[in-house]
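**Student:** Below are the chains, spelled out letter by letter.
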Amino acid sequence: MSLAMQVLQSDEHLLIIAFSGKLDALNLPSVETKFHALINNQNSPVILDFSEVSFLASLGIRMLLTAYKDVARQGHSLKIENASDEIKKVFLTAGLSEFLI
Amino acid sequence: MEIIGTIFCGLGLFFIGFRMISRNLRQLTGTRFKKLIQKATGTRLLSALTGFFSGVIFQSASAAVFIASGFHSARLLTLRQSMIIINWANIGTSMLIFIVVLNIKLLIFYFVGLIGMVYFLQLDRTNRSQMMFLFLQGVSMLFLGIFFIKTAAVPLQSLPWFREALQMSSGSVLLLFLAGGLLTVAAQAGSTVTVVALTLSSVGLLNLLQTFIIVLGTGVGSAFNILLFSLKMRGSEKQLCLYQGLFKTSGVITIALLLFLDYRWSPNHQPRLVSMLSANPGKQVAWLFLIMQLLPTFMLTLMRKPVIILLQRISSPTSDEKLSQAEFLSEPALQDPETALYLAWKEQIRLLRILPDYLVRVSPDRDYKKVTDLNVLHDCFEMVDQQITQYLEKLVKNPLAASLQEQIHQTQHFSSVLKDLESNLFEFVTTINTSFETIVNLPFAINLIESLRTILDTAIDCMEDQDPAGMEMLLKLTAEKGDLLQRIRKDYFQKNTSLDLGVQQSLFSLTLQFDRGCWLLRSVTLIRQKALTENQ
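Residue numbers (my numbering), protein chains in the order written: chain E, 1 to 101; chain W, 1001 to 1536.
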């Protein structure tokens, strides 16, 4: 299963990006650059919709953490919504739920 | 038949003696020789002497090549030092030939008699004396073998069929050359084949030119032998085998060219170059063999730099070799403790960077990433860790200010926790690899693997950036989570009731190892955070 990224909303108030597929080493390079460009060009809170994400590997979490730090530096927040229970468990186990969920 | 039988017996004694000398001397001097080579890193003279005596003792430069290769790949010897050892080991092998040329018939008889008396009087009681007498017995058998061949071969030359066969083969340079090469491949030492050829020549069975051609063949045989061995080697180890191959080949080519020109321009087609050194044909062969070792030593020493570049280009160090060697630890930097401490810290971060690779092997990403063998990673980590420990021990011996002394202790503490973290990670991956049933694809295991990778990656970023905010975040990621993990594990077991007991046990162990891994990562973060705060 490949990985797709879609911008659902992008204005001065909010950036909402929806991911679908697997965020793993194979698929990540196809969206990583574009994702970071979107985050860095935006000066607003960010919401990532994970309702269609089936798997999250450590490289994917690393990408999310970098984005989290960039957004936090601008004084905003980055949150993940609609993640599956399995993905929530990964965030919990890694101690990241406090930051990302 | 009696003559052939006696020659055959002589050859047998010669090879048995040769084997006994090599085997027993190796045992007698093996450890000492290795220690000597290790010490021969300082001066060129010591390197040359070590090489020379190894050649004399083992009667084969291969032993020196293989030992020096091992030290070179472990970076105990540089390529240049190893090359000196090999050059002189080759020269050392020619000494046997000079000894054989001497007329020591009576000496051999007394020697054999003396060895026999030792056995009769049972003087070889200890292990070491047994090895020593076996070595001496080997020497006596080797010389006795040569004596048998010489004695039996004298009447051989008067037999008409043998003279005809010799005349027929004397015209075939290629045949003699191949015979020298093939015998060297079989005997594993060119000097021994040269001695046999020399013995046959001394009783008139081979003329001087034929003997010279056989000696040239031994050079090619030796080169072939070592290159054959090098096929199994990689990286730095292979470089010295290639050097030995180059040494032997260049020796043969140069001598062949010189002999060709010498014979060509000589008025009566007699060798003039070696005859200037000795009138005795046997000694001429010994000189030829020695020159065949001296010339490449001279040429390759002159062309040392391009040769080193060539060898490094042909067989560059493997990724494992690079991984197992410290990149930043510099001996001269020990003079400046602050720089040395910084370099030790850089090396520790390099070690930390290796750790996520342990988890790639068991992660879902394993199909897309290059995976290094777990045991190789473990060995490399241990080798670099040892180098850091030794480096810090040297550093702490310097007279230092109290604050710097404290920083070194903190770095040593960091090293010790890092080592525990590595052991824990090694166990974590081993648990997955050796579990009763495969657990690598179970969601619970994947969750632990990916979470640990994330925390490790975050730790590496924080340590490299030395970012206080990042460290605070890392402390939260590594906060105590034993209860949480037990809850997730129990929940998983309840939802998957068909799980085998062995699998449940493996997942339980994995949870504990994960928890300990987080705790150790928290410890390294706290040590580093403390060091940063105190330095500010």
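To be clear, the hints were calculated from the coordinates, so they are not data collected in a lab. Backbone N, C-alpha and C fix where the C-beta goes; we use that ideal spot for every residue, glycine too. Accuracy of the hints is not assured; some may be wrong.
Claimed, not checked - Listed next, the stretches of chain W that the computed footprint assigns to chain E, with coverage defined by at least 3 CB atoms under 8 angstroms from CB atoms of chain E: (1) 1427 to 1434; (2) 1483 to 1489.
Said to hold, decoys possible - Distance condition first, Cα-Cα at most 30 angstroms in a straight line; then the derived BS3-like pairs of lysine-lysine: (3) E:Lys88 with W:Lys1490; (4) W:Lys1322 with E:Lys22; (5) W:Lys1495 with E:Lys69; (6) W:Lys1346 with W:Lys1232; (7) E:Lys22 with W:Lys1232; (8) W:Lys1481 with E:Lys88.
**Student:** For each hint, tell me whether it holds in the structure or not.
**Tutor:** Against the structure, the hints come out as follows:
1. Beta-carbon proximity to chain E at under 8 angstroms applies to 0 residues in the region 1427 to 1434 of chain W; the threshold of 3 is not reached and the given coverage is violated.
2. For the region 1483 to 1489 of chain W, the assignment as covered by chain E holds, since 3 residues bring a beta-carbon within under 8 angstroms of that chain's beta-carbons and 3 suffice.
3. Between lysine 88 of chain E and lysine 1490 of chain W, the direct Cα distance comes to roughly 16 angstroms. Compliance with the 30 angstroms bound is thereby established for this hinted pair.
4. Distance hint between lysine 1322 of chain W and lysine 22 of chain E is unfulfilled; the C-alpha atoms sit about 34 angstroms from each other, more than 30 angstroms.
5. Only pairs whose Cα atoms come within 30 angstroms are accepted, and lysine 1495 of chain W paired with lysine 69 of chain E is rejected, the gap being roughly 36 angstroms.
6. Among the hinted pairs, lysine 1346 of chain W with lysine 1232 of chain W is inconsistent with the structure: their alpha-carbon atoms are about 34 angstroms apart, more than 30 angstroms.
7. Annotation: proposed proximity of lysine 22 of chain E to lysine 1232 of chain W is violated, straight-line Cα distance about 42 angstroms (limit 30 angstroms).
8. Distance hint between lysine 1481 of chain W and lysine 88 of chain E is fulfilled; the C-alpha atoms sit about 15 angstroms from each other, no more than 30 angstroms.
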